[in-house]
Every structure is written in structure tokens, then in C-alpha cells.
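For the protein sequence lines, the chains are E and Z, in the order given.
At position 26 of the first sequence the residue is numbered 26 (my numbering), and the sequence of numbers has no breaks.
At position 40 of the second sequence the residue is numbered 40 (my numbering), and the sequence of numbers has no breaks.
What the hints contain is simulated information worked out from the structure, not anything from laboratory work.
There could be a bad hint or two in this list.
Claimed, not checked - 25 Å max Cα-Cα, derived SDA-like pairs, lysine to any residue:
1. K47/Z - A12/Z
2. K53/E - D52/Z
3. K53/E - G26/Z
4. K53/Z - R33/E
5. K53/E - N54/Z
6. K53/E - R75/Z
7. K53/Z - G174/E
8. K47/E - L114/E
9. K47/E - R10/E
10. K53/E - R25/Z
11. K47/E - M32/E
Letter by letter, the chains look like this.
2 protein chains.
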Amino acid sequence: MPKKVDHQQRRAEIADTTWRLIAERGIDATTMRAITDALGMANGALKHYFPDKNALVKTAFVRVFDNTNTRIQQRLAGLTGLAALRVFCQEVMPAEDVTELEARVVLPFWQRALADAQLEEVWAEAMAQWRQQLRRILAEGREEGTIRTPVADDALVEQLLAMLNGAQVLAVLGPDETTRETQQAMIESYLDNLGR
Amino acid sequence: MPKKVDHQQRRAEIADTTWRLIAERGIDATTMRAITDALGMANGALKHYFPDKNALVKTAFVRVFDNTNTRIQQRLAGLTGLAALRVFCQEVMPAEDVTELEARVVLPFWQRALADAQLEEVWAEAMAQWRQQLRRILAEGREEGTIRTPVADDALVEQLLAMLNGAQVLAVLGPDETTRETQQAMIESYLDNLGR
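Let's have the full structure, built from the sequences with the hints guiding it.
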């Protein structure tokens with residue numbers, strides 16, 4: 001038992017270190033060596049966790065996705081419909097330090113998923129989970145009357161996912177134009193419209 | 001004079017071949033060798049055009065961006081406001097063969113722009129151009145009465161850019177969920193809302 005716990009804890013430490021290194025230094029500078037140095041591990045030991053660079057990128061993305069979802073869950077307590085949707089958007093949009101760092105992991109993940117079926121599958125599952133969650137929140141909002149737009153929920157889900165993913169690019173590659181305030185105005189005005 | 005024309009024509013051929021190779025085979029498979037093979041050029045001759053891989057990615061992105069804008073301009077003749085906005089979205093959204101191929105160049109470009117100031121600058125200029133164009137189209141739409149939403153134009157510009165960039169990711173990495181029909185429904189319902 002203790003051995004299993006150690007192993008899981010080690011995995012978590014590695015995942016934390018990996019996503020942070022990618023976010024702060026970029027994917028190219030995040031070598032196996034950089035990770036083992038940061039963790040104080042023997043160089044060869046990491047091969048067991050990451051047979052190649054895509055395994056490393058996968059671990060980093062999964063960690064970022066899990067962290068985002070944990071924050072969403074924590075803040076969702078007692079919230080439904082439009083208020084829940086606002087929390088969801090705020091925790092994904094790169095308008096804070098942590099979400100901006102997370103976006104810097106997502107961009108290289110996408111590029112690698114283009115040429116790696118396993119990463120593409122991880123992405124598909126992540127988006128399937130968000131689609132389901134967004135549909136549930138929208139249905140709640142319809143029932144309680146906070147969401148009243150005539151636009152169909154399926155189209156709203158797609159608009160939200162596209163906007164939130166696109167904001168990752170705009171904010172990270174153009175922070176002077178897509179400021180945090182601009183992102184807030186973008187999403188708040190969109191959410192306001194849902195209540196009309 | 002003929003020499004200059006030849007040179008420009010050569011540049012155009014190289015740009016066309018490069019973006020297509022990246023779109024069809026991926027960024028990693030688009031080596032200098034793959035490009036010279038496709039063009040029937042001597043291997044060393046390409047170094048003059050592309051000192052490194054980022055130069056190649058820049059050329060491919062600029063070509064894709066120019067091609068997109070050329071199609072938009074061609075289709076905009078006589079159109080204003082909401083109708084013009086629809087054309088703009090249709091030519092950017094990856095809901096056709098050509099725009100889907102273009103998205104496959106944009107994703108690796110973003111990833112490299114994260115760590116390359118020159119590519120980031122190219123992206124900033126591209127987005128500045130689109131912001132300006134979108135603002136002009138929205139102002140026209142307000143004047144002619146086809147755009148009547150109470151949401152401010154600056155927020156609309158940001159929503160549109162985020163949604164169109166995000167659609168690149170969703171469509172390329174999840175074509176079974178984000179089908180072409182789904183993209184059309186996403187954008188049409190958004191545009192309908194602007195007229196309300």
C-alpha cells in the first residue's frame with residue numbers, strides 16, 4: 001500500500017512540475033533533463049513515466065484540465081444556470097495568472113495532437129466532458145429562467161467552447177489587445193445576452 | 001526586371017508548396033528536404049528563403065492569411081454589414097476543404113509564436129488587420145440597421161475573433177463533434193442574434 005501511494009504521489013509531483021515548466025519556459029526548453037533537474041530525480045528514472053515527449057505533453061495537459069475542473073467544482077457549490085456558467089467561463093478563460101499559465105500548455109498540446117492519435121483522443125474526451133457539463137448547466141438555466149435566448153443549446157455549447165478555446169490564443173499571443181478586462185467584457189456581454 | 005519577377009514568382013511557389021505540405025503532412029514531416037523535393041529544387045537553394053523552421057512556418061502562415069483575405073475581398077463586393085460579416089466568418093471558419101487545410105497551418109504557427117517574437121508580431125499584425133475590418137463591418141451594419149444588438153462593438157469583435165480561432169481547434173481536432181454543419185449552426189445563430 002505505501003508503495004502505491006508513493007508512486008501516485010510521485011506521478012502527481014512530476015505532472016505538477018511538467019506543466020509548470022512548459023508554461024513558464026516553453027515546450028522546447030522542457031526537456032527530460034529540465035524536469036529531472038527541477039525534481040531532483042535521476043535522469044533515467046523519468047523514462048518510466050515519459051517514454052517520449054508526447055507522453056510528457058499529455059501528462060501536462062491532463063493535469064491542467066484536471067486542475068481547471070477542480071477549481072470549477074469548488075466554486076460551483078450552490079450555483080446553477082447562468083451563475084454556474086459564469087464560473088465555468090472564468091476558470092477556463094486566461095484572464096488570471098493561473099489560467100494564463102494553463103493556456104501556455106494548451107497551445108503546444110493542440111499542435112502535437114494534430115499528429116498523435118492518443119493526444120487527439122485525450123482532447124476529444126476532455127471536450128466531451130465539457131460539452132456534457134455545459135449542456136447540463138444550460139438546461140438548468142432554462143428551467144430556472146436565467147437562460148432565455150432563442151438560440152438552441154447545441155449552438156450555445158459550440159459558441160462557448162470555441163470562444164473559450166479561442167481566447168487562449170488571443171490572450172497568450174496578444175495580451176496587449178486581448179487584456180484581462182477585454183476578456184471579461186467579451187464573456188460578460190455574451191452571458192448577458194443569454195438572459196435576454 | 002525579369003529577374004525580380006522570377007524571384008517573386010519563386011517565392012510564391014515556395015509559399016504555396018510549404019503551406020500545403022504543412023497542412024497535409026504536418027509540421028514535423030515538412031522538412032527542407034520535403035519542400036525541395038516537392039518543388040524540384042536543389043536542397044541548398046531553400047536556405048536562402050528559409051534560414052530556419054520558424055521562417056518556413058511564418059511564410060506558410062502569411063500565405064494562408066493572405067489567401068483567406070483574398071477570398072474575403074472577392075466575395076465582399078457589394079456586401080455590407082451583417083451580410084459582409086457572414087462572408088468573413090465563412091472564409092475563416094474551417095467548414096470547407098480549403099479552410100480546414102488552412103487551420104492545420106494555423107495550429108503549429110500558434111505554438112511556435114509562443115516562443116518566437118517575430119512570429120508573435122506577425123500574428124499581432126494579422127489580428128490588428130482583422131479587428132479593424134470587423135469594426136468597419138459592424139459600424140456599417142449599425143448604420144444600415146442590420147446589426148442592432150445592445151452589445152458593444154469592441155466586445156463583438158473579441159467574441160468573433162475568439163470564436164473563429166477556437167473553431168480552428170475544435171474542427172481540426174474533433175471533426176466528428178464539430179462537424180461542418182455544427183460550425184454553420186454555431187455562426188448562423190450568433191449572427192442572427194446580432195440583428196435582434
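Checked against the structure, which of the hints given earlier come out wrong? Going through the list in order, the structure violates hint 6 alone and respects the others.
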